[in-house]
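Each chain is listed here by its residues.
2 protein chains.
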Amino acid sequence: MGRFLPAWLTGYRRDQLAGDLSAGLIVTVMLVPQSLAYAMLAGLPPQMGLYASVLPIIAYAAFGTSMTLAVGPVAVASLMTASALTPLALPGSPEYAALAMVLALLSGVMLVVFGLMRLGFLAHFLSHPVISGFISGAAVLIAIGQLRHVLGVRIEADGVVQTVVALITALPRTNPVTLAVGLGSVVLLVVARSRLPGWLVATGLARPRAELIARLAPMAVVVLATVVVGAFNLDQVAKVAVVGAVPAGLPQLPSASQLFPGWESLRELLIPALLISLVGFVESVSVAQSFALKRRQRINADRELLGLGAANAASALSGGFPVTGGLARSVVNFSAGANTPFAGVVSACLMAVVLMLFTGWFRAMPHAVLAATILVAVTSLIDLKTLREAWAYDRGDALALAATALGVIVLGVEHGIVLGVMLSLAVIVWRGSRPHIAVVGRMPGTEHFRNVERHAVETVPGSLILRVDESLLFANAMQVRDRVDSLLASDPGIRRVLISCAGVNQIDTTGLEMLVALESDLQRQGISLSLAEVKGPVMDRLAATGFGRTMAGRVYLSLHDAMKAN
Amino acid sequence: MGRFLPAWLTGYRRDQLAGDLSAGLIVTVMLVPQSLAYAMLAGLPPQMGLYASVLPIIAYAAFGTSMTLAVGPVAVASLMTASALTPLALPGSPEYAALAMVLALLSGVMLVVFGLMRLGFLAHFLSHPVISGFISGAAVLIAIGQLRHVLGVRIEADGVVQTVVALITALPRTNPVTLAVGLGSVVLLVVARSRLPGWLVATGLARPRAELIARLAPMAVVVLATVVVGAFNLDQVAKVAVVGAVPAGLPQLPSASQLFPGWESLRELLIPALLISLVGFVESVSVAQSFALKRRQRINADRELLGLGAANAASALSGGFPVTGGLARSVVNFSAGANTPFAGVVSACLMAVVLMLFTGWFRAMPHAVLAATILVAVTSLIDLKTLREAWAYDRGDALALAATALGVIVLGVEHGIVLGVMLSLAVIVWRGSRPHIAVVGRMPGTEHFRNVERHAVETVPGSLILRVDESLLFANAMQVRDRVDSLLASDPGIRRVLISCAGVNQIDTTGLEMLVALESDLQRQGISLSLAEVKGPVMDRLAATGFGRTMAGRVYLSLHDAMKAN
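Going line by line, the protein sequences match chains U and A.
Anchor point for the first sequence: position 402 equals 402 in the working numbering, and the numbering is continuous, going up by one each time.
Anchor point for the second sequence: position 115 equals 115 in the working numbering, and the numbering is continuous, going up by one each time.
No wet-lab data here; the hints were simulated from the structure.
These numbers were taken from a predicted model, which means no experiment stands behind them.
Each hint should be verified, as a subset may be incorrect.
[Claimed, not checked] Listed next, the in silico SDA-like pairs over lysine to any residue satisfying Cα-Cα at most 20 Å (straight line):
1) A:385 <-> U:545
2) A:294 <-> A:328
3) A:385 <-> U:191
4) U:385 <-> A:147
5) A:239 <-> A:328
6) U:294 <-> A:328
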């Protein structure tokens, strides 16, 4: 029996309970407005946000490996959901809502399959700069998309430029009361984020507790705005857009026809589902990993795929939309003392209670305050620090970051992430295609050889000693050959070429062909070729080839040995 | 004045003339049937093949750098031309012919622009196995496509499976006389290729001369078949398909309206033109390079782009279609003694004479014999040797080769080459993502450190010495970290971690972040981190970072120094 239960449950200790209970309660306070806001961002009815915050959390608790990751609706996945569904159905329509469930189901199935295939390592195929650029670009898109709710105007626009133009055109139609609610909320949220912790610390509160309380401010602002709108009937009197009636009760299992929208729509959703899965997984794993490191726990990427897959499938089957692990919510969970995923189970139960008893409280909740919470939340995702650091350390990474961010803003999230993946890979290949090749000599009095241009080293006339600082692959094989040829051309007295392979981690078929041709061309000119410091795994494979046999006796453990043997 | 002329011309020596004249003559004998056959393969009227063999050769002679590359219509580029144009116009129609010129012009302009941008290094972004797979796949496609001419049936079919099905369905409609001509030609050509050199050597001829004569056999077979068909009026009597009337005279400059087919068609041709340019360039450069190496000459890849670009532009402006350097023809050119591109100029002039005086001779030339020459020529392009060698040395390369070949056959040439490029890059990233990490110890009595699993080495208790055999990039940063963590977990007594960076050729932003986190996590556990053998270019960039400052005094020239300093 025990092997089917998660380890945290079978090994649960009583002393973990207090932390889990308080974290579960506090996360719920944060989760209610976030669920409503991200459902709005995804173009879905508010109850779907709440549905996505019940079963998915329990499913993740059953299969995931992070003790502190808080799963549920998040900003970027909600934006991607909206961007995937808008071409297929009218936001707000029942078809649109059904497609959101299908998207979650597809994404869940894909993640589970990837998990069973142990493809967790795929998370590492997106570089951090590209992820950072993607998130920043998505944050800008989300912020621009929320401005309409703060202004209280309705606009219909695709694309970021069209949206900005439509917003400017719509400015004269701004609803002043909505704007007051929206701007007021933004100001309160910004103050709560930037000043409140300091004030609380000044009253004698400990810093961690002060920061935790400040993170719950959005709930207070949302309550305040809802009370004001409800008390003065501003939705009627001043046409302030509000959440309105939210059906009470737990979600129902969707019908089979809702989950099968026809092959054509299914095909259209495949790529978006794949991208949402990929982005959600990469984000979740990096959040989960950073918290695991703080507590010396370990994350299993393959199990994380299963956990997130189960969460998405559960979301689809309980009327929700794509979910993943959220950074802000996980920070709160961690700081509030969550010890195990039982904190999530507590949240899920409290959300179920909210759904059954308190949905009436959301009736007068203005869209403007939800938009304000999104706006303030996503501005913290815009990550200029990584851009600055990458620019200082590695221009290629910085350009990939900037191009991905711009790509997301201009081309949209889907094309943006594809561009980012391509750039990540292109940067790797580009780097490998420009090998650093040093002519080396012996450091006097040692057995070590170093670059003649950097150190005062001893060289031997008639011998050319090279160190190739790159694997020999098709992308650089010709450059290495060209460099050897031009060094030989510059000194006709060379009778021996010795290559240090300390930096050669791999030799592919094209690299091997280059070495074979180099050896035979050198031999024809009466020049001998030898190798040194060939790594074990590289030598194992070379040994089985004709080249390996040709070179027998000319491969040395070190450059020092090779020079002694001369 | 001299600086505008190619070097081979200003430095022309009288002793080079005899070789160039004979090579020019012999290549022409080979070029006439090939030009007609490849025009047929591309779905174009026969004279366009001849047009593509006059001006392009002269344009290449003016700008290229190879002394022996023979430019003109080739099998793979002709197949790609047919595949690009068939969706846009009816093969054989004037629109189709005009689009072929546009394709050549686009390809020419692209190649020239790439040459001016010095993008010749791009040739190295296709691995040899992938090129080999592409050529083999294209050869199979071409061979299947020619069977209809040998059978003498008309079929309309897209895709390889449909073509094979249509061929089988059409078998009962086979024209027996055409089949006899076709099969007879195939038999004669195969015998000429496999046996003729041996027979000629047996009569006392030198081997190189015998092989050269055997390579001219296709012309004799074509003449024989033409004479037989013409003498017995088989085109009338037995409905054997023939080349028919070929307009006499030199090509005329196409009109501007022919070269501008409208924006829509132009847009459709962009990707095919890019792929033809890329494939043609890579093929040409590798052929040119292999001959240049034999004579200690050098090829300049950027100048080759200009030469091939000029050849394609010249082809477009003289009524031809995309051209590139051909392997078989260059072999003949080289063996027949070509010393400079003047051999090509001789060929071009002879082709012009053929166009002006002898086009009537092609009237009774049967399609079946041209198809037979193509069939026999392309079977030699199917390269199983590279597949076998790659399989023995490197499974990843072998799979990329096989996947590219299958991709070309099943998905078509364009998707096949795109698949090949993606696979090339994926293989590089895949390799880099699985770093070899060795725990090392000191070889007794030396200053060198080697893998503890391969050598009897000395280790120091409390010290973990690692050698990471890969650059630290986003694709492997987490694996390296995981490995360090699990090694530490297996020996709680470790107080010092020392990493040899001899194999670390680059550290990207993600790799740097991993090192920063590793250092601070180790420090918190009271474990010191030091580095050794960091390469100059890597150290230069690290030194400017916060991590470089943190590590000051803990970066050693060699593992030996680092251990002494302990």
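Evaluation of the provided hints:
1. Our distance criterion of 20 Å between C-alpha atoms is met by residue 385 of chain A and residue 545 of chain U, whose separation comes to about 14 Å.
2. Of the pairs offered as hints, the one joining residue 294 of chain A and residue 328 of chain A holds, with about 16 Å between alpha carbons and a cut-off of 20 Å not exceeded.
3. For the given pair, residue 385 of chain A sits about 71 Å from residue 191 of chain U by alpha-carbon distance, which is inconsistent with the 20 Å threshold.
4. The suggested pairing of residue 385 of chain U with residue 147 of chain A is violated, with an alpha-carbon distance near 63 Å, which exceeds 20 Å.
5. A distance of roughly 32 Å separates the Cα atoms of residue 239 of chain A and residue 328 of chain A; the hinted pair therefore is violated under the 20 Å criterion.
6. Taking the CA atoms of residue 294 of chain U and residue 328 of chain A, the gap is about 65 Å. The hint is violated against a cut of 20 Å.
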